[in-house]
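Assemble chain B onto chain A, guided by the hints.
Line by line, the protein sequences give chains A and B. Under this note's numbering, the residue at position 77 of the first sequence is numbered 82, and the numbers go up by one with no gaps. Under this note's numbering, the residue at position 143 of the second sequence is numbered 206, and the numbers go up by one with no gaps.
Hint data in this document are derived by calculation from the structure and do not stem from the laboratory. Careful: at least some of the hints might be erroneous.
As the list claims (entries may be wrong) - Below, in silico cross-link-like pairs of lysine-lysine (DSSO-like), each with a Cα-Cα straight-line distance of 27 Å or less: (1) B/K390 with B/K248; (2) B/K446 with A/K173; (3) B/K415 with B/K429; (4) A/K92 with B/K236; (5) A/K228 with B/K134; (6) B/K561 with A/K230; (7) A/K173 with A/K239; (8) A/K92 with B/K192; (9) A/K230 with B/K134; (10) B/K446 with A/K67; (11) A/K228 with B/K561; (12) B/K192 with B/K236; (13) A/K67 with B/K192; (14) B/K446 with A/K239; (15) A/K201 with A/K228.
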Amino acid sequence: MLRTGLGLCLALGLAWCCAAGFDEKDKKDPVRNPLARNPAAIEAGGELFRARCSFCHGLDGKGGGRGPNLTSGEWGKDSDIFSAIRKGVPGTQMPPNDLPDAETWQLVAFIRSLGGAGDQPPVAGDPKRGEEIFFGKARCASCHMIRGRGSPFGPELSNVGAARSAAKIRQSILEPSAEILSDWAGARVELRSGEKFDGVIRNEDNFSVQLVDRQGRFRLLDKRKIARLTRLEKESLMPGDIAGTLSPDELQDLLAFLDRQRSSEANAGNEYSRP
Amino acid sequence: MHNVRVSRRTFVSAAAAPFVAGIVRPVLPSVQNYWADQLAGTPAENWLTYHGDYSGRRFSRLAAIARANVKRLQAAWVYQAEGTSHQECTPVVRDGVMYVTASNIVYALDACAGRKIWEYRAELPEGIKPEVNRGVALSEHRLFFATADCRLIALDARNGSRVWEARVADHRKEYRLTQAPLVIKDKVVVGMGYGDWGARGYLDCYDQATGALVWRFWTVPRPGDPFSETWPEANNAWENGGGCTWMTGTYDREANLIYWGTGNPAPDFYGEGRTGDNLLTNCVVALDADTGERRWHFQFTPHDTHDWDACECPMLVDAAWRGRPRKLLVEANRNGFFYVLDRITGEYLLGKVFATQTWARGLDPKGRPIVIEGTDPTPAGVKVCPTVEGASNWMSPSYSPRYGLYYVVAQDGCTIYASSAAPFQEGKNNYQGTGTQRLPGDPARMFIRALELQTGEKRWERPMLGSEWSWGGTLATAGDLVFVGDAAGNLVAHDAEKGDALWHFYTGRDLSASPMTYASSGRQFVALASGSAIFTFALPE
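Extracted from the complex, chain A is given alone in its bound form:
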């Protein structure tokens, strides 16, 4: 099976890709995609993607099993994506391609448009005020962490601005149960000892389950100790009334703050960093 590829290269970060795939010619390549944010290029790239990439990466770029999810936003310079497409990714099933430069850049533009907000203008609002709301009034940090601040209970959000569009972030706040990431499914657990708690399932097989409870503690359990485990596949553990506690301006500021959360190491030196 083809499991690894472009996305893996991207996910692993740039240092490895650069070391593995660049030569002198690449150094002359522009870091920026000359077709970035060009709607026609994105559309053309989408057609190319369907024809050439979707077999492994899925029609929506979220991974087809053979190839990884390309919508995480965890990549760096455009030239790295370009190089991965052109040369393939050594040690993976990602093959080299001999597409012309223009078509390769179209693909880069399309991949940039997937999932994250990389090709969208920054969300309006006051990010500084949004930060105060995140760590204060909205109590987001009681479950989420950004660059080491907050709780490890829910998804870590240091790169959420790259990984998710502003619309998706807004939906996650207003309707947290609308889409529950499979890696963050909640559960209600009742142990044979009688103890009950809620947790997020970080891993599970037929014999054991690894959770994080609301206090951020690991709960590493042999299933023989569990009396009942109820998976909350349709119900997020995130409270659904956050919007009711914030004014429209506060919500916008919070969005502006979250939209600017991109892993600084992965984005150093390119146009997508928005500190």
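Here is chain B on its own, set in the frame of chain A:
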């Protein structure tokens, strides 16, 4: 002829060594036909082919590890291979030596201690990536394996020195080899892959002594050949028609017939340019082992547009069928149906759904699917079950003759299939005619299922939590156990009769290989490839 000295030594270890009495239900091979008997016989201390023997049942007579003691099974040794992080091989074991492949490297290991004896590295030309590799084939002294750049290489099994190599296909035309070959008499059979990239499928047979091509069987006909009427006259779709032969087949020694699965037609999802049934894609073909001539074929999925290769193991079972002994071919196909055929005539005997499917109302009296309209891929995409990976795939099934149960790793799930015209461009890597998408929030679910041979009914099943991409296969033993590499990377021992999980060991990676068992120095071992490693397990000494 056969090496009598080696034969006698092995014969003694198989029949008379003290440990064997307790772990083997003995079958005494004749010395004269030693090697042929060994390959055709039910595996015990040796595991001589990818499937263990010619039948593909993956059933071992070893019984030292059994229901009563399997809880005591523990890790014996682990070998970390270079060259891959994604092992798909099934080890082959003879006389205490294990042969494994890791991409284009072959290792000979001490099967008892896990220590390397020799290795052979096949260098690949620039630009050719190492591929997965599923293992080796053994003859008396030779070992055969296939490389990513499409060579079949013969080594001396005693020291790993190269004897010859044959060019099976041109890797520059997007062919690849990943399978374990199959030794039959004085020949070795090997198939090829990458039909999704526009290859035209065939199966090759080579002379063991010289590497000369003995016969080639094309799975997609040229114009004018038999079955060419199942391809359009108006174009040359047949030239890149798919139908690859990428998994190891089986062999009936008495009938001298090879059974081999063929892959999907190409392009995968766009069928308008290849109207017709597209024979002999998605078939099991029965071929004369000496000549490669077709005796019969059975097509599981005519005009496939969902990438449902028929490369699942064509398992051979001898059993009473409706009151009389019959030679059967059994297959849980990627299209979601479990089939029983008469393997001498190709007659369709039984078809039964074994995993979620939404594309066929059922099978007609000849076994042809009654396709539901609107299940072909469209430009916008259409939801169809099974998934593009199929209801099952290369993960090996197994069979317990004691319980008449067929064990298969099954996937219940659906995919959105999309299509568009796909002109073939040589060397352009892919020729799928667009692609697929999983259903958000509705991942496929993995199971091990025990199906009754006689009815296809499910006797028991166990869900396997974990990744829908973890595809370990199964192994059945005379210890009334069925081992499976589960969806989370565990090797699990189930009660073969009732399905209870009795033991497990976490290997640390998703699985893409099937377990096997063997005995060495008086101990039964169970082995499974996972990640870059070969894990082995045994009872405490």
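Verification of the supplied hints:
1. B/K390 with B/K248: 21 Å, holds
2. B/K446 with A/K173: 24 Å, holds
3. B/K415 with B/K429: Distance of about 13 Å is within 27 Å: holds.
4. A/K92 with B/K236: Holds: A/K92 and B/K236 sit about 18 Å apart, inside 27 Å.
5. A/K228 with B/K134: Distance ~17 Å between A/K228 and B/K134 Cα, so the pair holds.
6. B/K561 with A/K230: 23 Å, holds
7. A/K173 with A/K239: 17 Å, holds
8. A/K92 with B/K192: 12 Å, holds
9. A/K230 with B/K134: 19 Å, holds
10. B/K446 with A/K67: 17 Å, holds
11. A/K228 with B/K561: 21 Å, holds
12. B/K192 with B/K236: 14 Å, holds
13. A/K67 with B/K192: With Cα atoms ~24 Å apart, A/K67 and B/K192 stay inside 27 Å; holds.
14. B/K446 with A/K239: 22 Å, holds
15. A/K201 with A/K228: Within the cut-off at roughly 14 Å; holds.
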